[in-house]
Every structure is written in structure tokens, then in C-alpha cells.
Amino acid sequence: MGHTRWLNEEEKRAWTAFTTAHALLYRHLEQRLKRDFGLSGLQYEILARLSGAPDRELRMAELACALVNSKSGLTYQIGQMEKAGLVRRRSCPSDERAVYAVLTDEGMALLERAAPGHVGLVRELLIDVLTPDQVRALADGLGEASRRMAAGPGEASPPVADGTTCSGPGPEVAAGLDA
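Everything in the sequence shown is counted per numbering that gives the first Met the number 0, starting at 0 for the first residue and increasing by one.
It is worth saying that the hints were derived from the structure and are not from the lab. Be a bit skeptical, because a hint or two may be false.
[What the hints assert, rightly or not] Ranges between beta-carbon positions, derived for each pair:
#1 R112 <-> E9: 41 to 49 Å
#2 P53 <-> P115: 23 to 31 Å
#3 K11 <-> S93: 15 to 23 Å
[Claimed, not checked] Straight-line distance between alpha carbons at most 30 Å, and here's what the computed DSS-like set of lysine-lysine pairs gives:
#4 K11 <-> K70
#5 K82 <-> K70
#6 K70 <-> K33
Each residue gets a CB set at the ideal place from its N, CA and C atoms; glycine is no exception.
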């Protein structure tokens with residue numbers, strides 16, 4: 000059995016602060032989105048990702064990868080959102096296996112209503128309590144950790160079931176709706 004590198008006090012403090020802040024922030028965001036707009040946090044992220052994509056559409060496999068979600072979990076969410084008129088699915092004419100999720104005008108309108116409060120809460124609870132240097136350090140550190148975890152050991156980027164690779168979190172979302 001190999002040698003375990005236990006966390007020192009500073010590392011434990013960082014880990015505990017990260018897990019607690021993440022859980023609390025997500026809980027606050029989720030409660031606000033559900034109460035005010037009937038959306039889960041994942042559904043908001045789906046709308047935001049699609050809003051920033053060309054023609055407001057992404058392949059389902061690419062969207063699942065960008066959201067770090069299973070394809071079956073995404074399929075369920077898209078089905079629920081499709082019933083609500085927020086998204087629709089379309090087949091790819093050049094690849095019958097590929098399905099696209101497309102943001103509808105109704106979905107975009109809901110995102111535009113939800114985004115100001117969502118971004119405001121992210122600012123209030125996280126961004127505005129940090130100094131610019133702390134925000135930069137948070138982005139750099141978590142960005143690097145995310146890239147390494149997404150790629151996995153020895154991979155440039157994680158594979159997607161259709162043979163392509165996941166290029167990470169996806170395109171920046173238009174009009175500041177990416178928080």
C-alpha cells in the first residue's frame with residue numbers, strides 16, 4: 000500500500016472552506032431559481048449554455064459533457080424543459096445518431112428574466128466578498144483543477160460516447176448570462 004499524503008492544516012482549511020462555500024452557494028441559488036422561476040440549478044445552466052452557443056443549440060453529448068452530467072440525466076432534464084416549451088430537440092441531418100438541444104424563444108425569455116437575480120446572488124454571496132486578487136486566485140486555481148479533472152490522467156480532454164472529446168466547460172455565455 001502506498002504512502003498517504005494527508006492534508007496539512009492549511010490544506011484542510013482550504014478543502015473545508017471550498018466544500019462548505021460550494022454547498023451553501025448552490026443551495027441559495029437553487030432555492031431562488033426554484034422559488035422565482037420554477038427552475039433547478041441544472042436547468043438554469045442548460046439555458047445559459049444554450050444561450051451562448053451558435054444558433055442557441057448544442058449537441059446533447061457536448062452539452063452533457065460541458066455540464067459534467069450524464070447523458071441520461073441530461074435527456075431527462077431536456078425532456079422536462081421541452082414539455083415546458085423552454086427547449087426543443089432536433090435531429091442532425093448529417094448524423095442520425097446526433098441530437099441537438101435548441102433554446103426556444105420562451106426559454107431565452109425565461110433566462111433573461113432569471114439571469115439578473117442569479118448573477119446578483121452570485122455577486123452578493125461570493126464575488127463581492129472577495130478582493131480582485133482573491134477572485135483571480137479562485138478562478139486560476141479552480142480552473143486548473145477543473146481542467147485536470149476533466150482531462151483525467153494522461154488525456155488531453157475526456158472522451159464523449161460519440162467518439163468526440165469534451166473540450167471543457169464550453170463557450171462563454173452571451174450577454175453576461177454565464178454566472
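Non-conforming hints, listed in increasing numerical order: Numbers 3, 4, in rising order.
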